[in-house]
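**Student:** Chain by chain, the residues run as shown.
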Amino acid sequence: MTEPLVVLKDVNKHFGDLHVLQDINLQIGKGEVVVVIGPSGSGKSTLCRTINRLETFESGTITIDGKPLPEEGKELAQLRADVGMVFQSFNLFAHKTILDNVTLGPVKVRGQGKKDAEKRAMELLERVGVAQQAQKYPAQLSGGQQQRVAIARSLAMDPKVMLFDEPTSALDPEMINEVLDVMVGLAKEGMTMVVVTHEMGFARKAANRVVFMADGQIVEEAQPETFFTAPRSDRAKDFLGKILTH
Amino acid sequence: MGDILSTYGPDILRAFWWTIKLSFFGGLGALVLGTIAAVMRVSPVAVMRFIGTSYVNIFRNTPLTLLMVMSVLGITYILGVSLSQDITQNAIRWAIVVIAVYHGAFVCEAIRSGVNTVPAGQAEAARSVGLTFGQTMREVILPQAFRGSIAPLGSVLIALIKNTTVAAVIVSAEAASLMQKIIENEGGSFAIFAIFALGFVILTLPLGVGFTSLSRRLAVKR
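Chains as they are written, first to last, in UniProt numbering: chain A, 1 to 246; chain B, 1 to 222.
Heads up, some of the hints might be wrong.
As the list claims (entries may be wrong) - Listed next, the in silico DSS-like pairs over lysine-lysine satisfying Cα-Cα at most 30 angstroms (straight line):
#1 K108/A x K221/B
#2 K136/A x K67/A
#3 K9/A x K237/A
#4 K114/A x K96/A
#5 K160/A x K188/A
#6 K114/A x K221/B
#7 K30/A x K96/A
#8 K74/A x K114/A
#9 K9/A x K30/A
#10 K162/B x K136/A
#11 K115/A x K221/B
#12 K237/A x K115/A
#13 K96/A x K21/B
#14 K115/A x K96/A
#15 K67/A x K237/A
#16 K221/B x K119/A
#17 K96/A x K136/A
#18 K30/A x K119/A
Keep in mind the hints are simulated off the structure, nothing from the lab.
Using the sequences and the accompanying hints, generate a full structural model.
**Tutor:** What follows is the structure in structure tokens.
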């Protein structure tokens, strides 16, 4: 494995009585694509959100590129700028055009000039195939298009690592592939990615490693082929049995 | 009615012009104060939230008349704090301040209810792009919150215009105090009430219609 970019060490978190993250230890190398799967309520989304501190945690450490996550304030904002995040519900800024959605971060956080930011934004929108829609508002786009814009918005910050929190779960089936194609493309180019997803096809095609979570713990880590064909734990066998028979 | 209009016509217009001035500056102040208070009330810092909440609770629950009287009688005459050397100017400025501070509390709540219409994901997305709390508020939350709170803000503004009549207890320039003077001079008549009521309707009715259409036009599509 290459030098780890994201390191989680003994991370613990509770939601009230529920122990959602239990002694999580995970290292993600530069350029590595890690897919996190598991039954709902297993803590996989929480894990993803903890990495850029949208969720706080109680004990343990998370470092990104050697730097520990700051608690709050400007430093945390700066760190988040280096960590791209793609949400299940897209969360495009509803009152801004597609182009403004993509340029907001570069202009306000990176201090880029508006012209440069727009030029780069158009390149990114071109790349994800929604350049035609640049002047429209999010509500005028399909879910698949919105999610591709969300990916472009993250890319515009030149992130060191990108987090995907169930990026295709809110999409109509015929739109899933257009988003997955963009993600596979990113993976091929060497982007470091943490992807929470149920898309086994994506895991097989693009992931270096599959992390299986259940009840707040990492139960199993393996290469995708190994994991899908020969899971070791009963919990994983049970889970795969339920989803692969369809 | 004709008599009164011919005798007092220019006075009435001048009085309503003062009402408009009180409303305009008071409303502007209320918007600024209310927005600041609303941001404080949703901020992650506990002290800020406490200050914002205290402000709203104190001024929303105090009678406006009491605040008006307290400003001139209490703060200027007893504590000696004047906003102008001129007595009339001092009273007018205090009236604007009181109107702004009092209605700021209501503006705060209107905007806060607007903030609650903005899905949590919008703030999460803004923060994960690397915006600070202030930038998140300015760029993403408040623009959407204002659009969501236009209708209640319209109600606050209409109430504010009518509440400028309370300033009559310290200011003798605006509409309500002129009405008292005319009644003293001419005796009470329905005509006088009708004229002033109509004056306020002329000020407030278009505002209500305007705000309703604005809230429809600016609604954020999701």
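**Student:** For the pair supplied as a hint, K115/A and K96/A, is the alpha-carbon distance within the 30 angstroms limit?
**Tutor:** Within the cut-off at roughly 17 angstroms; holds.
**Student:** Would you check the hint for K162/B and K136/A, treating anything up to 30 angstroms between C-alpha atoms as holding?
**Tutor:** violated, 41 angstroms
**Student:** Straight-line Cα separation of K9/A and K30/A no greater than 30 angstroms?
**Tutor:** holds, 17 angstroms
**Student:** Can you confirm whether the C-alpha distance between K9/A and K237/A stays at or below 30 angstroms?
**Tutor:** holds, 27 angstroms
**Student:** Tell me if the straight-line CA distance from K67/A to K237/A falls inside 30 angstroms.
**Tutor:** violated, 37 angstroms
**Student:** Decide if the proposed pair is consistent with the structure: K96/A and K21/B, CA atoms, cutoff 30 angstroms inclusive.
**Tutor:** Violated, at about 35 angstroms.
**Student:** Could you grab the alpha-carbon distance between K108/A and K221/B and see if it respects the 30 angstroms cut-off?
**Tutor:** Holds, because 24 angstroms separates the two Cα atoms, which is no more than 30 angstroms.
**Student:** Next pair to validate is K115/A with K221/B; report whether the Cα-Cα distance is within 30 angstroms.
**Tutor:** holds, 27 angstroms
**Student:** Is K74/A within 30 angstroms of K114/A, Cα to Cα?
**Tutor:** Holds: K74/A and K114/A sit about 22 angstroms apart, inside 30 angstroms.
**Student:** Within a Cα-Cα threshold of 30 angstroms, do K136/A and K67/A meet the stated pairing?
**Tutor:** Distance ~38 angstroms between K136/A and K67/A Cα, so the pair is violated.
**Student:** Is it true that the CA of K30/A sits at most 30 angstroms from the CA of K119/A?
**Tutor:** Holds: K30/A and K119/A sit about 28 angstroms apart, inside 30 angstroms.
**Student:** Does K96/A lie within 30 angstroms of K114/A when you go C-alpha to C-alpha?
**Tutor:** OK: K114/A and K96/A at ~15 angstroms, within 30 angstroms.
Comparing the model with each earlier hint shows violations of hints 2, 7, 10, 12, 13, 15; every other hint is respected.
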